[in-house]
Amino acid sequence: MCAMAAVKTETVPYLEAFRARTRDSEPAWLVERRRTAAARFAELGFPTRRQEQWRFTNLAPLTQGAFPPNSVENRIQIELAGELPAGAWLGSVQEALRDRPEVLRAALDEAELAGAQPFTLLNAALFDDGYILAIEPGTAVEHPIEVVHRGEGGGSFHPRSVILLGERSSATIVETFEGRGKSWTNSVSTVRLGPNAHLRHVMVQESGPEAIHLGLARAALAAGARYENFLLTLGARLSRFDVHAIIEGEGARCGLAGVTLLRESQEATVATFVDHAAPGGETREVFKCVVDDRAHGVFLGKIAVRPGADKTDAKQVSRNLLLSPRAAVDTKPELEILADDVKCSHGATVGDLDADALFYLRARGIDEAAARAMLIEAFAVDAIEGAVAAGPMRDHLRRRVGAWLEQSGS
Amino acid sequence: MTSTHDALDTVRTLTSEGYKYGFVTDIEADEAPPGLNEDTVRFISAKKGEPQWLLEWRLAAFRNWQKMEQPDWAKLRIAPIDYQAATYYSAPKKAAGPKSLDEVDPEILKTYEKLGIPLHERAALAGVAVDAVFDSVSVATTFKETLAELGIIFCSFGEAVREHPELVRKYLGSVVPQGDNFFAALNSAVFSDGSFAYIPAGVRCPMELSTYFRINAAKSGQFERTLIVADVGAYVSYLEGCTAPQRDENQLHAAVVELIALEGAQIKYSTVQNWYPGDAEGRGGIYNFVTKRGACRGKRSKISWTQVETGSAITWKYPSCILEGDESVGEFYSVAITNNLQQADTGTKMIHLGRDTSSTIISKGISAGRGQNTYRGLVRVQPKAQNARNYTQCDSLLIGKRCGAHTVPYIEVRNPSARIEHEATTSKVSEDQLFYCQQRGLSQEDALSLIVNGFCKEVLKELPMEFAVEAQKLLAVSLEGSVG
Amino acid sequence: MYLLEINNLHARVGDGKQILKGVSLKIAPGEVHAIMGPNGSGKSTLAGVLAGKPGYEVTEGQVLYEGRDLLAMPPDERARAGIFLAFQYPVEIAGVNNMYFLRSALNAVRRARGEKDLDAGQFLKAVREKLKLLEIGEDLLQRAVNLGFSGGEKKRNEIFQMAMLEPKLAILDETDSGLDIDALRVVSNGVNRLRDPKRAIVLITHYQRLLDYVVPDRVHVLGDGRILQSGDKSLALELEKGGYGHLGSAA
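Chains as they are written, first to last, in this note's numbering: chain A, 5 to 414; chain B, 31 to 514; chain C, 189 to 439.
Chain A on its own, in the form it takes in the complex (with noise of 0.2 Å):
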């Protein structure tokens, strides 16, 4: 309808920068992607309140400023705990595409199904960074792989991760984000998983104080996978991560869960989105919230049931806890079921500590101050541990939410 209309200003900077990029050395295939993909995001321009996925995020930070993208190289670093087996192969975005074009182009033929978001696009026309993670069949990696994305030096950063699973294999991933000064990470990973495949997925998102964050994850499961989620969000003025995963194949499985601590003026929005196209398929689902001094924490969480996903099983569950006087909290947990042979149901709370808990803890001599944290730290960890196995990756995020109540220095 809109075809003709004038380019969206506040699109401007990131269209400019795109056209004075020169991508000689990309196949053909990818700089015509590439233009598809802006000239989309020039039609869409930003988001706005007034669509209803977005009306709780407020983006001022976003458009008031101007983010230009940066193009220093080699802001992914990649740890690995122990070898990669032979069926693995893992490098950068550049590395995939001088050796693996092939997996590059499938991930981008999957990131297109992610739908027309302005920010996935944005990042379809501008990625340099990221990473490419692909397994055989039947190989399992069993050491986690460690991916830092650091956003320095200003601008906009907008990584690119693609993780292909074969028939049922397995792996651990743990990207951490950390944009630096007053930088704009737009992040997409993008996960296939084949049948049975088994990918735990942690993201910590810990930027600093005047980054923006905004990211997506999508899954796509095929039978008898399982897909597990952990967000940790910390940092950020702003930040929004949205995490779908769809379920494709009969009885695939997705644990989705995930805590956000929120201080200052900070904004943050979690937003998931399982998709149960396919019978038989579960969905675990907890997010927790802490907000604290003017910050405002939402989610938006829906789970869909198409026609014929008989025996779907999905629970979601969003708590939030409210520690300040104008701290903010805005929950939507959203059912659209369409499927009769389901067991779905969800739960959310707001509010305070609860009050017979920290009595009991001050009746046996904790003083109130330590009673509240230890009160807030078992309500962050329950997600945790609900969500990761024990071992040295739980311990990381329990130190996390450790470190960020220190810092609250009650």
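One thing to keep in mind: the hints can contain errors.
[Claimed, not checked] The following residues of chain B were derived to be distant from chain A, with all beta-carbon distances above 12 Å:
hint, residue
1, 176
2, 267
3, 329
[What the hints assert, rightly or not] Cross-link-like lysine to aspartate or glutamate pairs, in silico, DMTMM-like; alpha carbons within 20 Å at most:
hint, chain 1, residue 1, chain 2, residue 2
4, A, 347, B, 462
5, C, 304, A, 371
6, A, 319, B, 311
7, A, 186, A, 214
8, C, 205, B, 357
9, B, 105, A, 338
10, B, 329, B, 357
11, C, 241, C, 280
12, B, 105, A, 56
13, B, 431, A, 340
14, A, 347, B, 453
15, B, 431, A, 254
16, C, 356, A, 371
17, B, 329, B, 361
18, C, 241, A, 356
19, B, 431, B, 451
20, B, 97, B, 86
21, C, 318, C, 354
22, A, 319, B, 86
23, B, 414, B, 293
24, A, 306, A, 317
25, B, 329, C, 203
26, B, 487, B, 453
27, C, 214, C, 254
28, B, 414, A, 356
29, B, 379, B, 453
30, B, 491, B, 261
31, B, 431, A, 317
32, B, 491, B, 361
33, A, 319, A, 389
34, C, 241, A, 360
35, B, 414, A, 297
36, B, 105, A, 340
37, C, 241, A, 372
38, B, 431, B, 311
39, B, 431, B, 453
40, C, 386, C, 254
To be clear, the hints were calculated from the coordinates, so they are not data collected in a lab.
Computed from a prediction, not measured in an experiment: that's the story for all the values here.
Glycine included, C-beta positions come from ideal geometry on N, C-alpha and C.
The hints should help you fit chains B and C onto chain A, whose structure is shown.
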């Protein structure tokens, strides 16, 4: 399995009674020419002999409406509505000011009898004061004198404008302003009649006040307006029932209900909505776009909405409570059924403004056939609403594979002392449950009715007794042919 | 000197209802007092007020603990000063490990007594000793505080905490309720072992059953917010026979 299916088919054949209330009363109507412009608004206002201020109010609403667009955020598929094709005023000609029941057109009285509410008996036996709205004009009000002795005003909206202009002017639009939303603005411009009730301070209304709405004239929209004011410490229970005749085309119903409860006052508002839902193929049926909102203005005031929504092709309705007074209470109990191609997007808004306010939401959605049923609710706790409490439970029941049940709750909290709990479940009526009941001797139909009534019982128990019985019957009728 | 002196204590709950209407009671170190009375007589309110539970308002009277104004102290300070309340309904706290909780509490109390923190080894040793006393399995310590505990396990856990914290004044609020006879014996044994010349114990109970196992020095009957009668342990037996009914008029 086949035997179950055979049994279901038999049940379906035996019970496909169809819409019981689908008959047309043949009386001459006094109609406005179709179409909507300022002249239509002036025509309606003049026809009703309204004062200038009300005409101005309507015109302001109309001008607002012209600038607005029909909302599209609900999970509803609505065929385009031609607002210029509808008739905005339709009054039964012989109904010009009946002084008593004897003066009421016998045809109309017969219609009520078919509906199962003979005014004489019903009023006398049940102690119900009925202000019946036939199409748009109130035709009879009973028990007026009994009420008058207590100082209770219960009359048609038109009469209230003439007899109690100061009350109407004070409260009209104070809860739902003219420009509140597209449909409310439309109603404010063209509303033809409705009910008005005022319960003076300290008075407990001794009987249930009741209005039966009915859309009769073809192609006529119905835009009634209800305003109920409970003064300090007053109590009133108000019943609203709606039915409409069977027609192929869609009819528009855009009502506005405003409730005001002052300090310590309580208003209980119960609705059984049984407008024509359209046929099994989705032809015809009422488009029901209703704005209902209550303001708990005073300390410890309480407003309770109970609704059983079984009719209409499309229902768009969110009876809400603005909890302004400290310690005020809002409640919403709802059963919504969609069968065949019916669509419902309904729920509530609980806006907590005062201290120690509390709200309860119990919603039961039942989807059958190809029906689509959405609960959409908002619980908002504003910064000054210290110690606000909300409990929400919304359950969905699915019957069959082609229907949908959706839950869209919004929880917005701006005060840490709030305690908000929301729970939702989705389940189905299983063949096992039906079989178990049948094995114990119940018919398939009774078994389904039993299960559905059990599912809804927390809501049905909120209805006044006689309404509850009617509602249970309606649930059974609405679900006919849905199992299989 | 008395350990605890309650003088003319009046208290009401949040909604304004007056529950305690003038309770006076003196308790010396080493004594075991039983406070009995029908439901609604104010027993749990008295326990709550002494421990500093929010939601009560003291409208008149005073409470001296070791000569200090108890009511001016926040609940955790009271606990560190040696007051222990065994809860009638021990609170479940998801996510807080029982062991971690207990160590935090014990070290807080020890610090207040001028003692050093126990290291992990010392703590574990102390724990094992007391666990045996209450016949509690070690696995209970690895679970979240009271979460998923049976009724009996919760009550045993309360007495176990008491054994660890070594209070000067222990108030047991209906610790016997909901216990079968075996659990009651275990709990009572635990309490008896904790009887000490320096420690006072207040048993709040509805039934005299507990008093067969833990024999009190004094028995008080609470009714309508006042102490209606006090005596030695034979008073409990009288109540067993006559019930509380005939006491109502004494108020």
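**Asked** Taken at face value, is the distance from the CA of residue 453/B to the CA of residue 379/B at most 20 Å?
**Response** holds (16 Å)
**Message:** Holds or violated: residue 431/B and residue 317/A, Cα atoms, limit 20 Å.
**Reply:** At roughly 16 Å apart (the allowed maximum being 20 Å), residue 317/A and residue 431/B satisfy the hint.
**Item:** Pairwise hint evaluation, residue 340/A against residue 105/B, where the allowed Cα distance is 20 Å at most
**Value:** holds (10 Å)
**Asked** Is the Cα-Cα distance between residue 347/A and residue 453/B 20 Å or less?
**Response** holds (14 Å)
**Message:** Need the status of pair residue 105/B, residue 338/A: alpha-carbon distance at most 20 Å?
**Reply:** holds (13 Å)
**Prompt:** When you check the alpha-carbon spacing of residue 306/A and residue 317/A, does it fall within 20 Å?
**Reply:** Holds, because 14 Å separates the two Cα atoms, which is no more than 20 Å.
**Asked** Given the hinted pair residue 241/C and residue 372/A, is their alpha-carbon gap at most 20 Å?
**Response** Answer holds: residue 241/C to residue 372/A is near 13 Å, not above 20 Å.
**Asked** Within a Cα-Cα threshold of 20 Å, do residue 329/B and residue 203/C meet the stated pairing?
**Response** holds (16 Å)
**Request:** Starting from residue 414/B, check that the Cα of residue 297/A is at most 20 Å away, please.
**Result:** Status holds; Cα separation ~16 Å.
**Asked** If you draw a straight line from the CA of residue 386/C to the CA of residue 254/C, is it 20 Å or shorter?
**Response** Within the cut-off at roughly 12 Å; holds.
**Prompt:** Are the Cα atoms of residue 186/A and residue 214/A separated by 20 Å or less?
**Reply:** holds (5 Å)
**Prompt:** Hey, residue 431/B versus residue 453/B, does the alpha-carbon distance stay inside 20 Å?
**Reply:** violated (24 Å)
Violated hints for the displayed structure, listed by number in ascending order: 6, 19, 22, 30, 39.
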